[in-house]
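Going line by line, the protein sequences match chains H and P. In case it helps, my numbering puts the first sequence at residues 21 to 314. In case it helps, my numbering puts the second sequence at residues 2 to 798.
The set of hints was computed from the structure by calculation and includes no laboratory data. Just so you know, these numbers come straight off a predicted model, no measurement behind them. Worth double-checking, as some hints may not be accurate.
Partner residues aside, some chain P positions facing chain H, computed with beta carbon under 7 Å [stated by the list, open to error]:
no.	residue
1	Ala708
2	Glu730
3	Val731
4	Asp733
5	Thr735
6	Gly791
7	Asp792
8	Ala795
Built from N, CA and C at the ideal position, the CB exists for glycine as well.
Here is how the chains run, residue by residue.
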Amino acid sequence: MKAAEFDYVRVASVEAACRALAEAGGDGKILAGGQTLVPMLAMRLLRPTLLVDVNRVASLQVIVAGGGEIVIGAGTRQSDALADEIVRRDLPLLAKALGFVGHVQTRNRGTVGGSIANADPAAEIALAALALDCEIVAQSVRGVRTIPIARFFQGAMTTALAADECLVELHFPAAPSGGGRGCGFHEVASRHSDFALAAAAVQLALDGEGACRSVAIAVGGVGGAPLRIDAATERLRGTTLAAEDLAAAAAIVREVVEPASDLHASADYRRRVAGALVERALLDARSEALAGRN
Amino acid sequence: MSAEPNSAFRYISRKRRTKEDHRFLAGNGRYVADIALPRMLHVALVASPYPAAHILSIDASAALALPGVKAVVTGDELASGTDALASGLDIPKVRRYPLAVGTARYVGEWVAAVVAESRALAEDAAELVEVEYEPLPSVSDPEAALDPSSPPVHADHGSNLLYRRKFVWGPVDEDFAAAEHRIEFRARWNRNATVPIETFGVVASWDPTAQLLDVWASIQMPKFPDQLAKALRLPGNGVRVHFDVDVGGSYGVKRGIKHSVLAGYLARRLGRPVRLIEDRLENMRGGDAHGPDRIFDMAVAFDSSGIIRSLRIRALDDVGAHAGRAPFQLGKPIGAIVGPYRIASVEYEAISVTTNKTPQEAVRGFGQSPTNFALESAVDRVARHLGIDRIELRRRNLIRHDEFPYTIPSGSTYDSGDYHAVLDKALAAGGYEDLVRRRDAAREAGKIAGVGIACCLEPSGGNSAFEPLFNPKNETTTWMDSCSIKVDLYGGIVAMMGTSSSGQGHETLVSTVVGEVLGRDPETIRVVHSDSLSALPSNSPVGSRMAIMLGGAAAGAAKKLKATITAIGAHRLGVAPEAAEYRDGDVMLASDPGRRLTFDQIVEIAHRKFHELPPGLEPGLQSAHVMEVPTGGTLPTADGRVQMYPCYAFEAHVVYLEIDRITGKVAIGRYAVGHDCGTMINPDIVHGMTYGGIAHGIGAALYERFAYDGEGQLLSGSFMDYLIPSSHEVPDITIADHCTPSPLTSFGQKGSGEAGYLGAPAAIAGAVNDALAPLGLSLTELPMTPGVLGDLIAGAG
């Protein structure tokens, strides 16, 4: 459990990080919180020739709101994001998801962007980001580009990021304004804070009559990447989210997902539970929205 | 929790700070990894990726070409320079060496050892060792392994069957025929272990001029120095094991004989100190430290009144690729094969088979917790079959307080107990009636909820009676432990023990006992761990034995010392020892306490004034005691009856839990345990053991499993997949103490190192089954994970 040999450089700017990655010719890795990277190095599952430490790049650790969006620097610690007033107010679904990420100690090191870039199929931040339709800003010496999250995750532990790109910012659209907004996040894991056997994220808005104006649903842990369930969204829009509506949405979830079996849970389990967790998340979101409306 | 201090004692049973706290809490423990010797080399291991394969060739040239790499040693070389590791069974054709010789028998088995200037370099080099394998058919299921057509893990042995014996104690057939009811079921205890924070580590250093191998190892193993010397072809006094190394957790698994033989061999061959500390991956797949992996086929014969007449137990244990201590873990439960119940006859078929999996090692309870799980599952099923309340059924079958000493069919005599009283205390502590109401209300609300009860024994005082029972060539009837005490020139008391400790608080134990006997403050008594050359014959803190055996040895030595002090004082006072009285170190005339010699005066006489010593007494002030296990000293009878461990602690568990109908997740809402281990030497230590044991039992019941796929690949080889309960999963636990002293021990103490673990899996399984019963479901396989429970509940519709 000793890492294979690598070089290490600590950079002070995103530009310097990008230069270092370019020079590494595709064998460099960004070191942020290191909560996944360092164990993978120790187990020699990853063998980068260069680690680019971005922990002291101040511009990566910001959270700002404005222009209809919330921007979170990729290097923001998960615990800082969880405690942040903007996140709590404008991205309550992300705040709920963050509470399920690891433990206090790992959140103090782990970063929001690091979790996204790692693309674990069961990761909570990625799931919330997908439900929230976030956009990902990546930078390299070749320039800056924006990647919609729907195109970002390409399978377990693989993303649209090129080997020379540094994930810089996450742009979240501001949540629907006004009352009637609610969200829910449910997951089941073997132990507190383990990776999810299945997880569900929901954000919705109700109109004055209690009908569903908009809703986003995503599930995690049930495939190679988190998955939006747009068919369920279609089914729910305009409804009052009555019991039969939620059951129908859950049925769609169970139909759409294609989970695999492993040591901890069967594919059937994951499919069944994903549907049930979506129902629970919808119920939470609905009661939150109804409470907010009054 | 109420710990009524026994007023007969001054220090024993009192709540006192443990002696070890200071250094452990301050981070000042001294572990193997803290032993750093000049010119020390480091070992990494090349492991087999195959469950079974011939090793055709090993090419180390690229590894040896790396600067700083000192050696690559193969199994062939090691086998020519060492003897095979000892096996307890009479299975001469199952040979075991630290490295695979010719054939690899499980994924992760060590095939070659790489020695280099640093561990990281050794790992780099290990990747460059090229091993050519020829994969062989393998077997990973114990029942398949029992089939004579299965590929034998050890071809020379000819089959996978290592041990099989059917014991019949009493008229089993007649009792089954006469009983009004019979049930049968299967219970499955899957593989788990204790997985200590510290992996196994060893440092070995060879002194060619003294011809002496010095060893520092994180061991908890009886006869370790002897077995190490024998495998290395050294005389017993050619190995010095330093017992003053702190061990960072064990509960059985820290045997590490293969690691230590390898390190010792390498240190001798290379002429430099060698350190081998497993990393977590090596530990989990190649450390040979998994626990029991067992299928129980149970049959129970009973009457309509709920009286259990007879048991038939078939226990098939999957030992993995080598015997290790695993077969004996089928033997130890024979000493409590009927649990705490009056059951007149028992049939017990014990079967050990090899498979292409990681070998087992001793794990807390040495096979007793799986057996207790099977027994308590049987009792619950009898109650359900008859519609009798589980607690009432237990009360009808529990051995009564007035029946002790009580001899069970397999030949062991239980020393003492008050099982009904402890069960009552547990029920009161858990608020049993409230729990039943809570369960029923939860069910009304559509939840799946259950209450579990378990009544289990902890045999303690660890002799090794299972060895001669399972291997007639072995005539071991003693399993001694020892303590020596000396008083220095200025009255300082030093007690010496002859084994290492792995967190049991032996310094507290010994100082408390010596202080009690001598009337001296335990705070002032120093306790040291000797090395194996200076130690008196001792075994190890296994089998819940040290309160009884080390405590007994310390008490024995202290009593001898007290007699010597009394003799010196009486002689100086000019009276016979019988006329003198010992009080806290001083000696006075019984008839005239004003005439006395102080402790300091007596110490000075002993050390300086030979002319004032009674004739025939040695100068100085010291004593030693080597203790035989109480009730030890006899071999098994031909029909396999034997007095196993001498003392029997009892625990009654009460647990409430709910199961999420969809996710199958278990949430424990209440946990209480009544516990009787006789006199507690230090209540905090006993309670700490019990809390930890219950946490460990929760792991076995709900989370932990070394799982293999059908091809022999370990699926849970890291903490990503081998799940240990954290503080989030372990609820608050209430302990209700009870004290039924043992008549066999120095202060009435019994063992407690396995407390909690011996009953928690049974209790949790009982609660889960109580919860599942209204759904018409049952489950007797551990661990009961969310995946398993969720699928089971969904299947019921």
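* List in ascending order the numbers of the hints, as given earlier, that are violated by the structure. => Per hint list: 3, 4 and 5 violated.
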